[in-house]
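S.K.: Spelled out, the chains give:
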Amino acid sequence: MSDSLPPNGGPDPFDGWDLEGLLSGENVWLPVGMRPVAGALDSLRSAPMRAELSGEAAARAVFRENMLAGGRGPGLPGGGADEARTLIVPARPADTGPRAVTRPGPRHRRPPRRGRWRSRTLVGAAGGAAAVVIVGGIALAGAFSGVGGHPGQLARSSSASSAAPQTSSAGSRGLDGSATNEPTVQPTTSHSAGGQSSSGSGTASGPSELCRQYLEFIARPESRSDVAAESGDFQQLSNLAGGAWHVLGYCMELQPWAQNGSGSFSGGLGFPPQPGAQDAGGSQGQDRSGQQDAGGGNGNGQNGNVPGLGNQN
Amino acid sequence: MCADTQHVVGDDFARVLADAQGGSEDQFAVLWRDTNPALLRYLRVLAPDNAEDIAAETWVHVVRGLPRFIGDEAAWRAWLFTTARRRLIDQARTRKRHPAEALEDVSAAEMPRSPDAAQLALDNLATKSAIALLAQLPPPQAEVIMLRVVAGLDTDAVAELLGKTPGNIRVMAHRGLKKLEDLLGRAGVTSRAGVTL
Numbered sequence: 034m035s036d037s038l039p040p041n042g043g044p045d046p047f048d049g050w051d052l053e054g055l056l057s058g059e060n061v062w063l064p065v066g067m068r069p070v071a072g073a074l075d076s077l078r079s080a081p082m083r084a085e086l087s088g089e090a091a092a093r094a095v096f097r098e099n100m101l102a103g104g105r106g107p108g109l110p111g112g113g114a115d116e117a118r119t120l121i122v123p124a125r126p127a128d129t130g131p132r133a134v135t136r137p138g139p140r141h142r143r144p145p146r147r148g149r150w151r152s153r154t155l156v157g158a159a160g161g162a163a164a165v166v167i168v169g170g171i172a173l174a175g176a177f178s179g180v181g182g183h184p185g186q187l188a189r190s191s192s193a194s195s196a197a198p199q200t201s202s203a204g205s206r207g208l209d210g211s212a213t214n215e216p217t218v219q220p221t222t223s224h225s226a227g228g229q230s231s232s233g234s235g236t237a238s239g240p241s242e243l244c245r246q247y248l249e250f251i252a253r254p255e256s257r258s259d260v261a262a263e264s265g266d267f268q269q270l271s272n273l274a275g276g277a278w279h280v281l282g283y284c285m286e287l288q289p290w291a292q293n294g295s296g297s298f299s300g301g302l303g304f305p306p307q308p309g310a311q312d313a314g315g316s317q318g319q320d321r322s323g324q325q326d327a328g329g330g331n332g333n334g335q336n337g338n339v340p341g342l343g344n345q346n
Numbered sequence: 032m033c034a035d036t037q038h039v040v041g042d043d044f045a046r047v048l049a050d051a052q053g054g055s056e057d058q059f060a061v062l063w064r065d066t067n068p069a070l071l072r073y074l075r076v077l078a079p080d081n082a083e084d085i086a087a088e089t090w091v092h093v094v095r096g097l098p099r100f101i102g103d104e105a106a107w108r109a110w111l112f113t114t115a116r117r118r119l120i121d122q123a124r125t126r127k128r129h130p131a132e133a134l135e136d137v138s139a140a141e142m143p144r145s146p147d148a149a150q151l152a153l154d155n156l157a158t159k160s161a162i163a164l165l166a167q168l169p170p171p172q173a174e175v176i177m178l179r180v181v182a183g184l185d186t187d188a189v190a191e192l193l194g195k196t197p198g199n200i201r202v203m204a205h206r207g208l209k210k211l212e213d214l215l216g217r218a219g220v221t222s223r224a225g226v227t228l
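Residue numbers (this note's numbering), protein chains in the order written: chain U, 34 to 346; chain F, 32 to 228.
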């Protein structure tokens, strides 16, 4: 008889027979009706059948593989995270030199998208250049508005004027000949004294020369002195460029550094250097023109000394 | 060959387990032969259609965790059947989501709750018949009886494994045994040799 206690919770529910003894397989007293049950339970405890031991080879194989894998299952379903992170590196010969160890970056970091960054950089640079062009055009239009009023008036006046580009014309200092009173004399003289290639007329007849002066004006706006001449130059440039707002782009394209792709001017941004900084020629303005022509090869030999634009000292 | 399904290893269990954990395949085979028949019988009562598959999956998990196991033979059995029960639950969920097996693929002798199963138990009370008989019980009662009788776990271990109180386990075992008595009584089986009167 088993000495186990009946369960808690009221009167004996087992009709006096030993539940624990029956379940444990002990020889206990049982009512008649429970004896077949005890026989069924004994059958459940019987010796293993052959079929129940037929899988020993497979179990041994699983055990063998697991032990060979160092205690981890070889790709078994439901495996732990350690198995997923296991990296089996093939053996390398000892004489193959040092092995480069590459470590993967943190997985939580996204790889840098260089292409996108570069595209953003290019877009930013292009935007900056466009802003410079617009600001320069606005500044120039504002500078010349002393004559023509606002840029709109300049555009209208330029469109009303002759649009034919002139490579050489009389009164080249102001391109109109009537706007200058006196500042044109000295540059012409200096140009002649400098011996630079020149037609001798002292006029800025070519687009490149006009643009050179225009760009110089943008670079050094304090150099303006002859408003009338500037207005005439700008009108001519407007005609050449197809509008007041296209002058800057037009002149940029005509610059030699833009055409041959090399920034050879010492003034930076393709602008001629300051007159005082020149070491060759000694003249004012004319030498700058000579340098530009020599650098770009597209000069027309004119001194291009529009009064006030190239002479400020 | 084992005498029965309970506690075959006995006093040598600690040494056998240590050797198996150290990589001895033969000692692992001792553990396997000790518990696999009971495991299969337990699973055949609760999942007669795929007991072998669940048993194989159970052993895969047991082998994987064997080096870290600490305990005696009772704990070893409790761990083994706990693992098997988890695999059984997973398998049941999978089969519930993907019911694929047709009923005609299951043999009549293995079909639970069939009239023929009780008749097979009445014929010889052999192991298969007893398993088929237990399969007619409500699963909770059948599981408690199998864990107590086949796995050799005591009431407390079964209660812990199933997440119930020992009192609940006793009540469920009692009801299951009474159900078996009723089934066998209706079949005309009233006594059996070997039982102490």
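Keep in mind the hints are simulated off the structure, nothing from the lab. Just to be clear, a hint being listed does not mean it is correct.
Estimated spans, in silico, between C-beta atoms of each pair [stated by the list, open to error]:
#: 1; chain 1: U; residue 1: A91; chain 2: F; residue 2: T113; range: 20 to 26 Å
#: 2; chain 1: F; residue 1: R128; chain 2: U; residue 2: N60; range: 25 to 31 Å
#: 3; chain 1: U; residue 1: L101; chain 2: F; residue 2: A123; range: 30 to 36 Å
Facing chain F, a subset of chain U residues (Cβ under 8 Å, in silico) [unchecked claim]:
#: 4; residue: R78
#: 5; residue: L86
#: 6; residue: A92
#: 7; residue: R93
#: 8; residue: F96
#: 9; residue: R97
#: 10; residue: I251
Every residue, glycine too, gets a C-beta built ideally from N, C-alpha and C.
S.K.: Give a verdict on every hint.
M.R.: Here is what the structure says about each hint:
no., hint, result
1, A91(U) x T113(F): 20 to 26 Å, "22 Å, holds"
2, R128(F) x N60(U): 25 to 31 Å, "47 Å, violated"
3, L101(U) x A123(F): 30 to 36 Å, "33 Å, holds"
4, R78, "5 Å, holds"
5, L86, "6 Å, holds"
6, A92, "5 Å, holds"
7, R93, "6 Å, holds"
8, F96, "5 Å, holds"
9, R97, "6 Å, holds"
10, I251, "76 Å, violated"
Going through the hint list in order, the structure does not satisfy hints 2, 10.
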